[in-house]
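So you can see what is in the structure, the chains are spelled out below.
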Amino acid sequence: MDYKDDKLNDIVVSLRRVKEKAPLVHNITNYVTVNDCANIILACGGSPIMADDLNEVEDITSICNSLVINIGTLNESTILSMIKAGKKSNELNHPVILDPVGIGASKFRMYTVSKLLEEVHFSVIRGNASEIKVIYKGDDTTTDIDINSDKQSTSYNTNELIGMAKQLSQRTGAIIVITGEIDIITNGEKVYKIKNGNPMMGKIKGTGCMLSAMMGAFCGASKSSKQLEAVTTSVSMMGLAGEYAYAKVLENQRGMSSFRMHVIESISKMDEPMLLTGAKIECY
Amino acid sequence: MDYKDDKLNDIVVSLRRVKEKAPLVHNITNYVTVNDCANIILACGGSPIMADDLNEVEDITSICNSLVINIGTLNESTILSMIKAGKKSNELNHPVILDPVGIGASKFRMYTVSKLLEEVHFSVIRGNASEIKVIYKGDDTTTDIDINSDKQSTSYNTNELIGMAKQLSQRTGAIIVITGEIDIITNGEKVYKIKNGNPMMGKIKGTGCMLSAMMGAFCGASKSSKQLEAVTTSVSMMGLAGEYAYAKVLENQRGMSSFRMHVIESISKMDEPMLLTGAKIECY
Amino acid sequence: MDYKDDKLNDIVVSLRRVKEKAPLVHNITNYVTVNDCANIILACGGSPIMADDLNEVEDITSICNSLVINIGTLNESTILSMIKAGKKSNELNHPVILDPVGIGASKFRMYTVSKLLEEVHFSVIRGNASEIKVIYKGDDTTTDIDINSDKQSTSYNTNELIGMAKQLSQRTGAIIVITGEIDIITNGEKVYKIKNGNPMMGKIKGTGCMLSAMMGAFCGASKSSKQLEAVTTSVSMMGLAGEYAYAKVLENQRGMSSFRMHVIESISKMDEPMLLTGAKIECY
Chain A
-9 MDYKDDKLND IVVSLRRVKE KAPLVHNITN YVTVNDCANI ILACGGSPIM ADDLNEVEDI
51 TSICNSLVIN IGTLNESTIL SMIKAGKKSN ELNHPVILDP VGIGASKFRM YTVSKLLEEV
111 HFSVIRGNAS EIKVIYKGDD TTTDIDINSD KQSTSYNTNE LIGMAKQLSQ RTGAIIVITG
171 EIDIITNGEK VYKIKNGNPM MGKIKGTGCM LSAMMGAFCG ASKSSKQLEA VTTSVSMMGL
231 AGEYAYAKVL ENQRGMSSFR MHVIESISKM DEPMLLTGAK IECY
Chain B
-9 MDYKDDKLND IVVSLRRVKE KAPLVHNITN YVTVNDCANI ILACGGSPIM ADDLNEVEDI
51 TSICNSLVIN IGTLNESTIL SMIKAGKKSN ELNHPVILDP VGIGASKFRM YTVSKLLEEV
111 HFSVIRGNAS EIKVIYKGDD TTTDIDINSD KQSTSYNTNE LIGMAKQLSQ RTGAIIVITG
171 EIDIITNGEK VYKIKNGNPM MGKIKGTGCM LSAMMGAFCG ASKSSKQLEA VTTSVSMMGL
231 AGEYAYAKVL ENQRGMSSFR MHVIESISKM DEPMLLTGAK IECY
Chain C
-9 MDYKDDKLND IVVSLRRVKE KAPLVHNITN YVTVNDCANI ILACGGSPIM ADDLNEVEDI
51 TSICNSLVIN IGTLNESTIL SMIKAGKKSN ELNHPVILDP VGIGASKFRM YTVSKLLEEV
111 HFSVIRGNAS EIKVIYKGDD TTTDIDINSD KQSTSYNTNE LIGMAKQLSQ RTGAIIVITG
171 EIDIITNGEK VYKIKNGNPM MGKIKGTGCM LSAMMGAFCG ASKSSKQLEA VTTSVSMMGL
231 AGEYAYAKVL ENQRGMSSFR MHVIESISKM DEPMLLTGAK IECY
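These protein sequence lines are chains A, B and C, in that order. Here our numbering is used: the first residue of the first sequence is -9, the next is one more, and so on. Here our numbering is used: the first residue of the second sequence is -9, the next is one more, and so on. Here our numbering is used: the first residue of the third sequence is -9, the next is one more, and so on.
Nothing false has been slipped in among the hints.
Not everything, but these chain B residues come out facing chain A in the computed CB check (under 7 Å):
1. Y21
2. V22
3. T63
4. L64
5. N65
6. E66
7. A95
8. S96
9. K97
10. F98
11. G245
12. M246
13. S247
Derived DSS-like pairs: lysine-lysine, alpha-carbon spacing no greater than 25 Å straight-line:
14. A:K259 <-> B:K193
15. C:K97 <-> B:K77
16. A:K97 <-> C:K77
17. A:K238 <-> B:K238
18. B:K259 <-> C:K238
19. C:K213 <-> C:K11
20. A:K238 <-> A:K270
21. B:K193 <-> A:K238
Covered stretches of chain A (chain C as the covering partner; in silico rule of three or more C-beta atoms under 8 Å from a C-beta of chain C):
22. 10 to 24
23. 58 to 66
24. 94 to 101
25. 188 to 197
26. 245 to 251
Just so you know, these hints were derived from the structure itself, not from any lab. The model shown is predicted, which means the values in this text are computed figures rather than measured ones. The C-beta atom is built at its ideal place from N, Cα and C for all residues, glycine as well.
Okay, chain A solo, but in the shape it has when bound:
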């Protein structure tokens, strides 16, 4: 089934709401890509706050519109902050996004995500195929660690991934997003496939983290009944920004560092016509 006009309307509305509402996004995230996350939230029209101390996460999350939890450089004390902020956000009906970065890389990350899933209801869980598979299987025996890539492992095919995502969505109540060559988004019933993107996105650090951060803005700005569309729009927009950035890099004979800059700039310049023309979204 092709993407129909009413769906296109959802995209337009999702983007417009971010620009109009300028949602505040609370991030408990890693110190590696944090600056890129802050800047991409600003670029898409949101406003970022980074705060992870147990003494303030409830206050911070209360003035925000959404919460993004990223376990990239996890440490013992911030786990408590993640749970506290997550519970508070649930109480306030704020959307909460989970990015289980490198979950397969240590028992500690595995344990933390299990704990988070027990204590907090997530609106969205976004990872690459390997990360989502670890959560799906619920153990850390995978050897398929794919810590730095948003590429979908070749050991999966799209239908397998869709099946896994749907089941995980039904089990957790979260929208599941698997990013890769083809991105998959599902709420357990509807499935969106997105074919935007460029392979160079896997060559720089942080495109996954940035997308999760941007989802914070999109979910924070959208109605609760339109979260799936908001998430889908953010995924397509990120991929499209990668396409634009790659064109710029080629044009200027540049490389990966400027690519990252162009991704963020493309997000900041993305308007409705660009998004509508460029979005490659299929709905099932």
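Following the hints, put chains B and C in place on chain A, whose structure we already have.
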């Protein structure tokens, strides 16, 4: 009153002293904009050290020329380090700069700033209008949280802000800097207004943090009798860098990511003639 | 003695192995330059993981090919993680690289490095002349703190530095790298001198940290019998990237911020012919 020749001379001397002295600046700061802070200190001619462990902050601050405390990603253990480093800097007569990032966003930030103001004498406190107002009022009941903008709230007019800044300066003994469309700098008696800058500065993360970091270099290099002039120079120079950066961005049809880079580069290229020609400073 | 054909072959092999093996590099590093470190590891062909919590460093280091320990923003809890990860890496025969950033700046850094040298066997220790001298002398009485520069202090001459490096290498069993105008690399017997580089590298934050991170990739990809050559290749390649980046900056009339970007991009574009043509390596 227009800016007179002797004032212009102060600007030249302030800039020259940074280049000649290459002051070491100790930063206890947030992990979001820390890299930009380090690079802008290098760009203006200083040398940055970031260190926040309680075991070393006294040693570090002792070999430095100034200390910058930024509460952007506050955590419980670094508060003790801030106080310890602040007291040591006071003992050594090093200038200490406070950036109360997002103070209105949590009771924890409010409490921390109160505590810091009790324990440490600050040479400079820099914030946007909302942040300075929270300190001025001494409570956290404000709903005017403006965590990501250096724009002056429209609910203030310049005269109100000047009055508030003067009183806060008299109460704390610190030079108060309110950055916004018009920047205000006062030591409780003299007031400088600066009209440099570009709206794009509010669209990237960290221009406020970078300015506070750069003040560390300017104050660390200047005589204690010339701190007000050093601070004023740094504010004008940052605004001017924003103007140059914006021109570059337009020229190259680029966006916010390259803007940030051009701000830092403009600082690194700023010489006396550029600064003298471009500075828009009024003295009262 | 000039650099001979078999040595050139070592360079080619070192670079090729990084591209082929795509080594995973575990970094316990500072929050100032961490993003640049991640991106330069990706740029040269490796894959970075940053993780510093005591609960996971053994797991993380076990799936990696090498470990880089950087004390730039040291804190009490990560010291234990450094030791734990270091011991595990030793057990697994993974190369471990130490970057003693600013060791002369505090007793705490001095103490930490002593402790690390007692508990962990390092394959490589990289610093500027001041930093290596502090380790060599084993005390913190130096006043020659050169925390932000990879420039070799003028108070040293190359022969003095070589003598010091050789002795320290024999004492620690580590390859010693002193970066500066001329880089020195020794395993206690053989000595390499490298004359690549550009003075602008000292004007941006993080070239030293980035080089240490990149050594993680080169050592992680090389045979244990070829570590010296792998390290030498990474040092020459970093210097050469500085030369290319400087040419780009001049060509585009740009400054230090774009220089950093061009350094990382030059690393990502560096191929065997470029490296062979540009490397300025002398062997003794």
